[in-house]
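Colleague: Chain by chain, the residues:
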Amino acid sequence: MSAMERLAVNRLRERLPLDGPTIDRFVERYGCPIIEGERATFLYRGDVDEVWVRHRVIGLPDPLPLKRIGDSDLWAVTTVLPEGSRVEYQIEIRKGEHYERFNDPLNPRLAHSPMGSSSVCAAIGYRVPEWAVFDPEAREGTLVEEQVRSKALRRDQPVQIYLPARFNRAQRYPLLVVHDGTDYLQFAAMKTVLDNLIHRLDIDPLVAVFVPPRDRLKEYPNHAPHARFIARELVPLLTERLPLVDTPEARCLMGSSFGGIAALSTAVRYPGFFGSLLLQSASLVFTDIGFDHGGGPAFDPVVKFVNRFREKPTAVVDRIFMSCGVYEPLITPNRSMVPVFRHTGMRVRYTESRDGHNWENWRDRLGDGLSWLFPGPQKFVYE
Amino acid sequence: MSTTILLGPQRFTTTVGSTVRSLDINGRIAMVNSGWEERESDDGELAGHLDGRGVNLRLHHRMLDVLGKDEQVAAAALAFRDRMDELRAFYGIRLQAAIDAVQAVSHRTSIHAVGPVAEEAAIEAVRDVDRWYAAQLDELYRAVRATAAPDENGTIGWHRGEIGAVLDEVEAVVIAGGNVRTLLWTLRFFDVTLRPEQTVVAWSAGAMALTDEVILFHDFSPQGVTAAEVHDRGLGRLPGIIALPHAKRRLHLDDRDRMSVLARRFAEHRLLLLDDGAVVRFPDGATDLPAGARVIDRAGHVSVVGAA
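First to last, the protein sequences are chains A and B. Per our numbering, residue 14 is the first one in the first sequence, and the count goes up by one each step. Per our numbering, residue 3 is the first one in the second sequence, and the count goes up by one each step.
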């Protein structure tokens, strides 16, 4: 008997024809998706003409069609899903000329983002990091909402300032500037992550400022007023008001996707002012010849910026932590930029995950990134 | 001179109560647990082990009181910490490079016997970095003392008076673990001096604070400098010893090469392992390690003092 035949859905197929109660019991018992070893079986139940899984995983067919089991209303498809993988997906159906996309009605596990929600398929071996979950033992830092008057942006820019638990003006703290700050708080549980990592001594207590964009596609891909706001207005203001370590080594810019470009381009515009970058799935799209990058008009300024950097790479910070999911389209550009950054003399730590371009992937990588950039005081504590 | 006793960590194997009861102590016992920082006042369990005879010196609480009331002292403390942080950052860079060189040299194949000589020279280079750091730290302390003479009439003086009065009347002192940086800082901040005639029982960070050289170590720490780091001078009651609490949990004791480098780097000290259940007695002012104490020898083995 082969491995495929031992899958639950294949055992079900051996019992054709299927009646409603049999399918009910099957779905009730196994849920969806069914994870068996390194295989995932997606199910859909309904009177439709076609069903697909829409997942955006590079390397797998997208859309991934499901097949009807016998004459029943149960549809299924099995795909490989390596250990540790995590995939966000939706179900798409066709009924006559009518198409519809929605979260998997058989799967209660959801992930959220500014674009809405998706269903989550977690492979064997994937676990939400303990430090990403609220820990009642961890002392909580505080978030302070402020409006910062910006001449560069010609507006009042809202920010949220994170002060660590036991914040004390008799100490000094490093500063982390977070692009897409509101989304990091809402979709990557970043306050909980900071509270926990500080509590566990994995990172030094730090001050973080969470900055949301107003017009993201304009302000994040190498935008002079944005960079000026961060480097010449926001950081000096915070340094004046808070007990911050006033050295480049203690200043870090972070961001994901376009936010990663915002972080990098700000550092490029103000070389030496920041000591480190934390780039998650940064949109480091470039072309080696011509300008046909395939990313659409929104990526034009990104590609111009990255191409220019690649022509004359320079060390703009001391250290860069980079992460990227192997299932996302940006994996190749991110891999390609690692040696470019390293060649300048910047120290680069690069990690990959079996995940996609999403907020929970970025949440799960925060432990590695922040503890490398802000090592905690474990060496000082001997209980 | 009286007795000093170093214990293993007290979290899972509590021996402080039985140890103190085994001593001929009738009077009160000072408790120093400022390494617990904001949990310093949660001392009920510790006081219970001392049969209600403990009096907490509350060094952390007192330090926060001084820093909150005396702007001059607070500014000086912040300036000192800034300079020490910067010194530690540069030390970490130099140390990591020197340790990397030891690793590279020790893994290079040597056909003509150059390898051992090169390795010894590489370890000497690490010692040189350690000496540089220690000298810079001494200089930093000298500069602080020269520029910011403590105001014995101010808040800090008042606290020092109270602490001194307690220490004058207690028969023994127990020093708990926690954050060794904070512990040492509070001891130094209030110029705490242990009386030679007092019995002292200490564990974990407290044990480290009694030595003359406090070494930070954590082979399993995910980030930062991978090697042990010189941190500060301790109270010096047990010179020539480097205390290594939680050694099993924090050191690659099975990695003989790594342990050998550690022992040879600090060749003038004995590397004392203080794991759960350890009780190491130094009676009558003795500072030599007693028989039965576990140490890391120059070959990188864990050996027992006095064992054949």
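Quick caveat, the hints were computed from the structure, so don't treat them as lab data. Predicted model only: the values in this text are computed from it and were never measured. Virtual Cβ for every residue (Gly too), placed ideally from N, Cα, C. Heads up, some of the hints might be wrong.
[What the hints assert, rightly or not] Listed below are several chain A residues computed to face chain B (Cβ distance under 10 Å; list not exhaustive): (1) R152; (2) E153; (3) N181; (4) I216; (5) R254; (6) P256; (7) Y283; (8) D381; (9) P390; (10) Q391; (11) Y395.
[Said to hold, decoys possible] A partial selection of chain B residues facing chain A, derived with a Cβ cut-off under 10 Å: (12) E39; (13) S43; (14) A79; (15) G179; (16) R183; (17) M210; (18) P224.
Colleague: Any hints this thing doesn't respect? Which numbers, in order?
Modeller: Numbers 2, 5, 7 and 13 - these are the hints that the structure violates, sorted from lowest upward.
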